[in-house]
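Hints are included, so try docking the two chains, each in its own frame, into the full complex.
Sequence order for the protein chains is A and B.
Each residue of the first sequence is one higher than the one before, counting from 0 in the numbering used here.
Each residue of the second sequence is one higher than the one before, counting from 302 in the numbering used here.
Hints listed in this document are in silico derivations from the structure and should not be mistaken for laboratory results.
Take the hints with a grain of salt, since some may be wrong.
Subject to a maximum C-alpha distance of 25 Å in a straight line, what follows is the list of computed DSS-like cross-link-like pairs (lysine-lysine) [what the hints assert, rightly or not]:
#1 B/Lys676 / A/Lys64
#2 A/Lys210 / A/Lys185
#3 A/Lys17 / B/Lys541
#4 A/Lys17 / B/Lys553
#5 B/Lys759 / B/Lys676
#6 A/Lys17 / A/Lys31
#7 B/Lys305 / B/Lys477
#8 A/Lys31 / B/Lys477
Partial list, computed: chain B residues near chain A (C-beta under 10 Å) [stated by the list, open to error]:
#9 Asp335
#10 Asp539
#11 Glu562
#12 Arg571
Computed far set for chain B versus chain A, every beta-carbon distance over 12 Å [stated by the list, open to error]:
#13 Asp375
#14 Leu457
#15 Leu484
#16 Lys553
#17 Val566
#18 Leu567
#19 Thr568
#20 Ser572
#21 Asp573
#22 Val639
Just so it is clear, CB atoms sit at the ideal spot from N, CA and C, and this is done for glycine as well.
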Amino acid sequence: MRNTFHEQLEQLNIELIKMGALCEQAISAATKALLEGDLALGRQACELEQEIDQRERDIESQCMKLLLRQQPVAGDLRRVSAALRMISDMERIGDQASDIAEIARDVEDSRLCSAVPMADMARAAIAMVTDSVDAFVQGDLELARTVLREDDEVDDLFLRVREELISLISAGENGSVCLDLLMVAKYFERIGDHAVNIAEWVEYSLTGHHKGGK
Amino acid sequence: MTAKIFRNSMAVGISVFLLSVALFMGVLYQYFGDQLTQELETEAVLVARGVETLGQEYLEGLTTSSRVTWVAADGTVLYDSVADPAEMENHADREEIQQALRGSQGTAVRDSATLSQKTFYVARRLSDGTVIRLSSAQYTVVVLLLSMAQPLLVILVITLILAAVLASRLSKGIIKPIMELDLERPEECVTYDELVPFLTRIRRQNDTIRRQMEQLRQRGQEFTALTENMSEGFVLLDQKGHILTYNSGALKLLGAIPPGEEANVLTLDRSDAFRRCVERGLSGSRGQGQLERNGRCVQILADPVLREGTVAGAVLVLVDITDREQGEKMRREFTANVSHELKTPLTAISGMAEILKDGMVKAEDVPGFAQDIYKESQRLIALVEDIIHLSRLDEGGDDLHRESTDMLALARKVAGRIEPLAKQAGVSLAVAGASFTVQGIPSVLEEMVYNLCDNAVKYNRPGGTVTVSVSPGEKEGTVEVADTGIGIPAQDQQRVFERFYRVDKSHSKEIGGTGLGLSIVKHGAALHDARVELDSILGQGTAVRLIFPQ
Numbered sequence: 000m001r002n003t004f005h006e007q008l009e010q011l012n013i014e015l016i017k018m019g020a021l022c023e024q025a026i027s028a029a030t031k032a033l034l035e036g037d038l039a040l041g042r043q044a045c046e047l048e049q050e051i052d053q054r055e056r057d058i059e060s061q062c063m064k065l066l067l068r069q070q071p072v073a074g075d076l077r078r079v080s081a082a083l084r085m086i087s088d089m090e091r092i093g094d095q096a097s098d099i100a101e102i103a104r105d106v107e108d109s110r111l112c113s114a115v116p117m118a119d120m121a122r123a124a125i126a127m128v129t130d131s132v133d134a135f136v137q138g139d140l141e142l143a144r145t146v147l148r149e150d151d152e153v154d155d156l157f158l159r160v161r162e163e164l165i166s167l168i169s170a171g172e173n174g175s176v177c178l179d180l181l182m183v184a185k186y187f188e189r190i191g192d193h194a195v196n197i198a199e200w201v202e203y204s205l206t207g208h209h210k211g212g213k
Numbered sequence: 302m303t304a305k306i307f308r309n310s311m312a313v314g315i316s317v318f319l320l321s322v323a324l325f326m327g328v329l330y331q332y333f334g335d336q337l338t339q340e341l342e343t344e345a346v347l348v349a350r351g352v353e354t355l356g357q358e359y360l361e362g363l364t365t366s367s368r369v370t371w372v373a374a375d376g377t378v379l380y381d382s383v384a385d386p387a388e389m390e391n392h393a394d395r396e397e398i399q400q401a402l403r404g405s406q407g408t409a410v411r412d413s414a415t416l417s418q419k420t421f422y423v424a425r426r427l428s429d430g431t432v433i434r435l436s437s438a439q440y441t442v443v444v445l446l447l448s449m450a451q452p453l454l455v456i457l458v459i460t461l462i463l464a465a466v467l468a469s470r471l472s473k474g475i476i477k478p479i480m481e482l483d484l485e486r487p488e489e490c491v492t493y494d495e496l497v498p499f500l501t502r503i504r505r506q507n508d509t510i511r512r513q514m515e516q517l518r519q520r521g522q523e524f525t526a527l528t529e530n531m532s533e534g535f536v537l538l539d540q541k542g543h544i545l546t547y548n549s550g551a552l553k554l555l556g557a558i559p560p561g562e563e564a565n566v567l568t569l570d571r572s573d574a575f576r577r578c579v580e581r582g583l584s585g586s587r588g589q590g591q592l593e594r595n596g597r598c599v600q601i602l603a604d605p606v607l608r609e610g611t612v613a614g615a616v617l618v619l620v621d622i623t624d625r626e627q628g629e630k631m632r633r634e635f636t637a638n639v640s641h642e643l644k645t646p647l648t649a650i651s652g653m654a655e656i657l658k659d660g661m662v663k664a665e666d667v668p669g670f671a672q673d674i675y676k677e678s679q680r681l682i683a684l685v686e687d688i689i690h691l692s693r694l695d696e697g698g699d700d701l702h703r704e705s706t707d708m709l710a711l712a713r714k715v716a717g718r719i720e721p722l723a724k725q726a727g728v729s730l731a732v733a734g735a736s737f738t739v740q741g742i743p744s745v746l747e748e749m750v751y752n753l754c755d756n757a758v759k760y761n762r763p764g765g766t767v768t769v770s771v772s773p774g775e776k777e778g779t780v781e782v783a784d785t786g787i788g789i790p791a792q793d794q795q796r797v798f799e800r801f802y803r804v805d806k807s808h809s810k811e812i813g814g815t816g817l818g819l820s821i822v823k824h825g826a827a828l829h830d831a832r833v834e835l836d837s838i839l840g841q842g843t844a845v846r847l848i849f850p851q
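Only chain B is shown next, with the shape it has when bound in the complex (with noise of 0.2 Å):
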């Protein structure tokens, strides 16, 4: 803009100085011809009367700077003060000269053969019919510029150098407050008039772009908080698997560090099964795999990201399903489990049913029979009922109605009940303690305390003691069944809480039980937000602990 505005300027400047130079010499050459043919007339007047008196004799003696001519009345020359008269030509065929003959006074201009002249003729008639020519010659305006080049051209050099300052100067004058302006805070600025609605439109412009800037940043944070608060790992790529965005959580369940800018995804995991659903997913269809990653099982989902019908990449999730791959391992070994411990009474009953329907057995031998067929059904009924319990359990026990239970008459109930086994293993039954109550189901708090305390008298030893310690705390009440039995092993202790975990699974059909009993102890607690804890010795005893919050 500087320079535009600077050319023009310039422009300008020169166009001036070179108008006024041609008007000048135009208006001046005009003014300098006139004033050459007036002083011609003058002086031919004087010196046709000077000829009229004198004659010859007078031209003679003439000194003028004009070229005087005098030609007789037939056009031959008489006398030229420049060249020899004999060798002029005829001149009655002049214009200025028939011009004289025809009236008193002629004149003419006539270009010289070299254009660079102009010659000026004013002739007069004497009374003898002769004629006297005066002529000066002009130079042409070529000429003239040409003679005052020198000063032409100083002149033009100052108006060049003039006109340029000048120009930059207002170029830079105009450019100035635009330069100024400051398009961030625009209504600050003070500036033309006529840049007023450009401004206000950028100012405009500047609110919405920052509004849009403000969203795109809270997008931003929220997807950002989004991915990175997410225990998945998830990778988005573009239809060259080149990784887009990424969140740690991806990092960390493939064991990778973080990739470059515009990194391959391969440059994350090479495995055989991510390669091959990073693949399916590019190709425009779903990919499921599973990888073993530091200990963890990883599942990989693959799917691709369709714009108008085509690929345009991928996104990829990473799920930690060890937890799930453990759950589904219980469940299988539980089924397993389950199945092999109903069949064990069936197998027997079916067999001694058969024997019986075949007639092989003696009569006194029958009742014998009976007892076994009653005993492995009550077994199997055991079993069932801990299942069903089980699995209510397991279903969080919603149907169950809730009230407040005061646990140490319940542990006088139990011990109430279990009093005959007691006596029948020989060991000898306390509850002490005092009272403290739980909002809970009952039936299960009773269940929970009747099996640790079958536990206690069946893995007890003639003799032996059960005591169950009912203890109200600030925080917690505790309830102890604590045995001196035979204990149980270290290695085994984290394990007898499992479903149908034995530690002596050579005697537990003598003992009798289902091998669900501390598995419903774990779950009752769960229900009622109740801890665990199991202490015990081998050979001395153990001591398990339900710790009710109050």
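Next comes chain A alone, as it looks inside the complex (with noise of 0.2 Å):
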């Protein structure tokens, strides 16, 4: 009994590392999408969306029998439940990763998004989503914590690129790219918040503390 137990989280756990290599995945095409123009990676985008979807609920499943039929406690517990709340974070990654990609199909002045920082915000928020998954995959509470720095340096760059696309709208630039990218801006910061959720949630289930909290 208790060896199908280990076994279910042992899959529970694998299932986790794929949707996360996933998400990568998802970023990493939508960023290329938008910043070289290829279309093809923008539509792989939006289709690996939905097989995050998909493994979303195949997970959540998976955790709700493991909670009814096996009864985890302590450490055990804290991981279905943090599972289960890791992957509505990964699951809003994969939609903001297809949303970038659905702009970046309207986008096709990469002029402009060379003009910005965008590069460093991709750059960034696909290293907080690596690292919050690493942290995940190793157990690493130090990398977890690490991925609660970096989101600052997200949140900066998202400032600056604001900024610069104030500056451009002023100078006379299409004002209705600036503000695709404003939003790809943000999609990007929120991409870090995911990330950030994802590596508290990590912290919770290898200390029992949420946010630091008691």
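So, in structure tokens, the structure goes:
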């Protein structure tokens, strides 16, 4: 009985790793679509989003089964409940990646995109997602806390992008593209926030404290 | 074992005690019975004599512990020392009375109604025909035992304590040498003879185990040495994808941290390509894929491990193929370049020949066309020669004969060949230095120096100089070709040795050459274990040094 339980827990772990990998893939594809104008990658990001949604539902039912049939306690219970919360953050990351890909389809003028530090933002956001998934995979508390610090960097970058876009609009550049880019920047910033959430749930599953509380 | 020995010793102690009590009681009981009968008989004789003399009077004065009954010949009780004779029944049918009536004396033993007593009877016939009977009771064994219960219990407790102490000491004494056996060194143990074969066996098995452990350790070390010293990554998985073993090469190539015990392989890398590869390997077929990690190109090969036809796991091999990929890229570029370089003169030749064929050229222009065609075909020949040369150098130049070559003489010879070109370009050429020899292939060495001098003349300005200096050294001999020409921009200095690389692409046709000269120098130098150094300042000149080890 307990063996089955451990196997199911491990299976859950693997599924989460796979879902994390899909999220990373989706953001990279969306970012490339935006920065390099590769439409095929944009479509790929949208397809990945569907797959991520499907996986969220699968993992959710897997967690429910575990909770109901095995009634885990202590660390195992934390792990399952953290997984339940993590997948919704991952799903949001997937949504935002596909949103970025959609905007990328409409933004044909990549000149403006390179005028603002969008590539830096994308890199920072992807690094945060990678680190938060790594922290989960390796059970690395220190790495999870690094993600919390990295969020400030992405927030700063967002403010910088915003200011530069404002000055571009005042200089008479295409306003609608600038607004689209502002949306993209906001999405990256949100992705960063979701990565922080994931890192917090990793911290919770490892220590039992959520957001440093008791 | 101690407990068993203790139990057995205790059992022996207790059973000896019980048996001896039983035996003692049995023997004593019999003995007392006999004694009682004898006493009764003696007393009966005395009483009978007394009654014959004094009659009932004697009986009434008699004091004895036995019960005395006087019975008439018809069985009527005349006197009884305990009960009233009138109330007693007729005794004629009693066994001892009948015996006495028949003979002179009778005895009988009867259990009383309660079974707790046994009564002995002795009867004696008097001369007048009456019978005097004496009876005495003896308690049965059970009653006797009960009456002795207290001392017996005391003895039992003492026995138990003694037996316990002794049994415990005995069992410990037997066990002690066995407990003190050092099974690691059975040959040093002094113990019972019965245990010697057992110890010998253990010693042999110890030896076998030690040998096998040593072998295992050695094999483990060999395996670790093998996997740790290979630059390829290596990961062994079980059928569920848990990591069984891995080497540090795998971690380095994947940029992963050491995984925990029984960790899933996806903790090493979770990229799509890696996952697919592992899944293919675990499903029983061969998986292949490529990854980009830390700027390196990593190839993954996953092979299933089959045991009795079922997949028992998978072996992952990771290979750094960055260099190979770069080589492939260079070869592709080279092929494209060669085709392009060959096509340019051919197109020109073909075009001019076509115009000539169609008779569209005036007679006086024909020599000019012929000159152009000749020039282009010469260029083509030079190119093909260079390519052949280069491919021979690529193959290692094994078929070329090596001999001791004087570099100063060689430099002078090259200078002689290049002199007409230098004159044409208005460049002065000088050879200086002292002689040293190189064990090498003369034709290749000559080609190398020629190419350098050719470049020095071609990329010079009118009135410039080219100096070839040959200087022997203790460890290394140097041939330097220095010019006062146009120089090479810093960003191009590394790339001029690449095939077909031209610094000034727009004027290459006017200057001529194939773009392979310095590439041949580089390959020739490699063939002779020599180094090539290049110093150049844009607008001031270039110096190329060939440094040969001595």
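Verification of the hints:
With a C-alpha separation of about 84 Å, the suggested pairing of B/Lys676 with A/Lys64 is violated against the 25 Å cut-off. Taking the CA atoms of A/Lys210 and A/Lys185, the gap is near 23 Å; set against the 25 Å cutoff, the hint holds. Distance hint between A/Lys17 and B/Lys541 is fulfilled; the C-alpha atoms sit about 15 Å from each other, no more than 25 Å. For the proposed pair A/Lys17 and B/Lys553, the alpha carbon gap of about 22 Å is at most 25 Å, so the pair holds.
Restraint check for B/Lys759 and B/Lys676: satisfied, since their Cα atoms lie roughly 17 Å apart, inside the 25 Å limit. Using a Cα cut-off of 25 Å, the hinted pair A/Lys17 and A/Lys31 holds, with the two alpha carbons roughly 21 Å apart. A hinted pair counts as satisfied when its Cα atoms are at most 25 Å apart, and B/Lys305 with B/Lys477 qualifies at roughly 14 Å. With a C-alpha separation of about 80 Å, the suggested pairing of A/Lys31 with B/Lys477 is violated against the 25 Å cut-off.
With 10 Å as the threshold, the beta carbon of B/Asp335 stays out of range of chain A, its nearest partner Cβ sitting at about 79 Å, so the hint is violated. A hinted interface residue such as B/Asp539 counts as satisfied when its beta carbon comes closer than 10 Å to some beta carbon of chain A; here the least separation is about 12 Å, so the hint is violated. The beta carbon of B/Glu562 is not positioned within 10 Å of any beta carbon in chain A (closest approach about 12 Å), and the interface hint is therefore violated. Interface hint at B/Arg571: satisfied, since its Cβ lies 4 Å from the closest Cβ of chain A, which is below the 10 Å cut-off.
No Cβ of chain A approaches the Cβ of B/Asp375 within 12 Å, the least distance being about 97 Å, so the stated non-interface status holds. Residue placement check: B/Leu457 keeps its beta carbon more than 12 Å from all beta carbons of chain A (closest about 54 Å). Under the 12 Å C-beta cut-off, the non-interface status given to B/Leu484 relative to chain A holds; the minimum distance is some 36 Å. Every beta carbon of chain A lies more than 12 Å from that of B/Lys553, the smallest distance being close to 17 Å; the non-interface claim holds.
The claim that B/Val566 is not at the interface with chain A is violated, since a C-beta of that chain comes within 12 Å of its own (minimum 9 Å). Here B/Leu567 does not stay apart from chain A, with its beta-carbon only about 5 Å from theirs, under the 12 Å limit. The claim that B/Thr568 is not at the interface with chain A is violated, since a C-beta of that chain comes within 12 Å of its own (minimum 5 Å). Against chain A, the non-interface label of B/Ser572 is violated: not every CB pair exceeds 12 Å, the least being about 6 Å.
With a cut of 12 Å on Cβ distances, B/Asp573 falls inside the contact zone with chain A, its closest approach being about 6 Å. Distance check for B/Val639 against chain A: the nearest CB is about 32 Å away, which clears 12 Å, and the non-interface claim stands.
In this structure, the hints that do not hold are numbers 1, 8, 9, 10, 11, 17, 18, 19, 20 and 21, in rising order.
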